[in-house]
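Keeping their order, the protein sequence lines are chains A and B. Numbering-wise (our numbering), the first sequence opens with residue 54 and increments by one. Numbering-wise (our numbering), the second sequence opens with residue 686 and increments by one.
Bear in mind the hints are in silico, worked out from the structure with no lab data behind them. Predicted model, so just to flag it, every value in this text is computed and none were measured. C-beta atoms are modelled at their ideal positions from N, C-alpha and C, and glycine is treated no differently. Any given hint could turn out to be false.
Said to hold, decoys possible - Computed beta-carbon distance windows for the label pairs:
no., chain 1, residue 1, chain 2, residue 2, range
1, B, TYR990, A, TRP193, 52 to 62 Å
2, B, LEU981, A, LEU64, 32 to 42 Å
3, B, PHE963, A, ARG195, 22 to 32 Å
4, A, ALA230, B, PHE963, 53 to 63 Å
5, A, ARG125, B, TRP859, 32 to 42 Å
6, A, PRO176, B, ARG966, 32 to 42 Å
7, A, ARG195, B, ALA955, 27 to 37 Å
8, A, VAL238, B, PHE964, 32 to 42 Å
9, A, ASP183, B, GLU742, 19 to 29 Å
10, A, LEU237, B, ALA933, 40 to 50 Å
11, B, ALA955, A, THR115, 45 to 55 Å
12, B, GLU742, A, PHE148, 52 to 62 Å
13, B, TYR990, A, GLN147, 28 to 38 Å
Unchecked claim - A few chain B residues facing chain A, derived, Cβ under 8 Å:
no., residue
14, TYR753
15, LYS763
16, ASP765
17, ASN769
18, ASP793
19, ILE794
20, ASP795
21, ALA796
22, ARG809
23, CYS812
24, TRP952
25, SER953
26, ARG958
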Amino acid sequence: MWRNPKTWLFLACLLPLARLVGLGLGHGLGANPIEFVTRSLGTWTLSFLLVTLAVTPLRRLTGQGHWLRYRRMLGLFAFFYGVLHLTTYLWLDQFFDWPDILKDITKRPFITAGMTAFLLLVPLAATSNDRAVRALKRNWSRLHKLVYPAAVLAVLHYWWLVKRDITQPAVYAAVLAVLLGLRLVWWWRKRAGAPATRLSAG
Amino acid sequence: MATESTPRILPTEITPESVYERRREFLKGSLALALYAALPAQAALPAWKKTAWGRDESPNTWEEVTTYNNFYEFGTGKDDPAKNAGSLRTRPWTVSVEGACLKPRTWDIDALTKAFPLEERIYRMRCVEGWSMVIPWLGFPLGELLKQAQPTGRAKYVEFASLYDPKQMPGQRWPVLDWPYAEGLRLDEAMHPLTLLSVGIYGRELPNQNGAPIRLVVPWKYGFKSAKSIVRIRLVEKPPATAWNRAAPGEYGFYSNVNPEVDHPRWSQARERRIGEFFKRKTLMFNGYGDQVASLYTGMDLRRYF
C-alpha cells in the first residue's frame, strides 16, 4: 500500500483539510474563522480543478501516459472540497435558510456561477467509477467535458466575489486560460492537419 | 494568516454551551475592558471621560479589532495591515483644516488632542462586506473642530484626505484605489454629534493598522466612510469625490449609510456576521443609530442616494 504513489497522493490531497482542522484547534483561523474556512475551501476546490485539468496537457507534453492514473482521484478531490465549500455556505453562512438561499442563488451572479459550477460537477463525480466509464462508452468523455464550463464558472465565481483586488482570481484565470488554450490549440491542429493519431479527449 | 497557537484544551475544561455563551459575553465585555484598563497607560493621550455610548454592548477583543482590518494602504488582506503598518510614522503628524472657513489651521496631532477633550464611546462598526464589530473608540466630535474653523456659507461638504506616502504605505505602490484615500461627508453629517475623530481604541493610542494617528468614525455608515490616517480636512462647496465611489460608482455611493434594504449589487446587506459570533445578525437601519441620524435624510430616496 505504501509503495503505491496513489496512497501518498491521497494523503497529500487531504493536507489542506488537515491544515484547516489544525488551525481550528489551535485558534489560528483569525478573527473571522467562518470566512477563512469558506475562502480556503473555495480556493482549494479551484486549485484541484486546475490540477485535474493539468493532467491531460502534462501527459501530452511529457509524452508519459502514467499521469492519467491520478486524474480521477484529483477530480474527486476537487468535488470533495467543492462539497465542503458549499456546505460551509449553506450551513455557516445561510444556516439552511432555504428561501434566502434560493434568492441568493438567483439574485447574485457570483452565487449563481458557483452553484452552477458545482451542479455541473455532480454528474462527473457520480460517473467517475469504472462501471459508469464502461457503460457510457464514448458518451463518458463527452459528458466529462462539462468540467470545462465548470472550471470557467468557478473562476468567475471567485472573480465576482472579490471587492477590488483581483490579483488572486486573475492568477487562477490565467492558469485556466493556459490549460484550456492548449486544448484549443491541439483541437485546432487536429482539425486542420491530418487526423493521423486519434487521442481521446480529456 | 494567523498562526497564533494556544495550549490544547483538555476535555475536563470543556464548558457546557449555556455557560460558554455567558463566558463569551463576560470575556468580550467586562474582561476585555478590564484587560485594557490594566495595560500601562500611555503618556501621549490626555485623560478622557467615559460616556454612556454603547455601554450595553460587548466590545470585540483587542486581538479581533487589531488583526482583522481593511486598510488597503497596507495590503488588501484582512491581516495585512497588522503585519505591514509598522512602517507608518505617526509623529510628527499634522492635520490641516482648510477650505471654506474663516479660521483655517494646521494642527499638530498632540495639540489637537489637548485642545479637544477626549471621550470614550463604544460604537458598532458595520463593514460593507457584511461583518461587524463593537469598538471602544477614544476621540472627540469632529463638529467641535469644524466649529472652531468657522465654516463659511459656501461650506456644504467636508472632504477628508488620508496620507499619501508609498514609502510608509507600501499598498499605495499598487493602483488598487486612486491614492490618496479620499472620503467625504455632507456638512450636517460631519457636524453631527455622533461623528467622531478618533485617536485611540481601548484607552490606548490607535494602533497603526486601525488608522493612526487620527481617523474618522461615522458609526451609521459603512466602515469605509471612516477614513484613516487623515492629514487634511477641507470644507468644500461640491460633493467631494471619494475613493471607493471612484473605484466602483455603482457599488459604493457617496452616502453609504448602513441599510439592510439596499443590497450591494453583488451581495445582500440584510444580515451581518458580528466578529466572534457564530450566527449572523440582522443588520439594522443606520446600523441602529436611526434615532439619532434618520432626520438627516428625511424625504430622501435612500435607494437612489445609496
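For which of the previously enumerated hints does the structure constitute a violation, in increasing order of number?
-> Of the numbered hints given earlier, those the structure breaks are 2, 3, 4, 7, 8, 9, 10, 12, 16, 17, 18, 19, 20, 21, 22, 23, listed in rising order.
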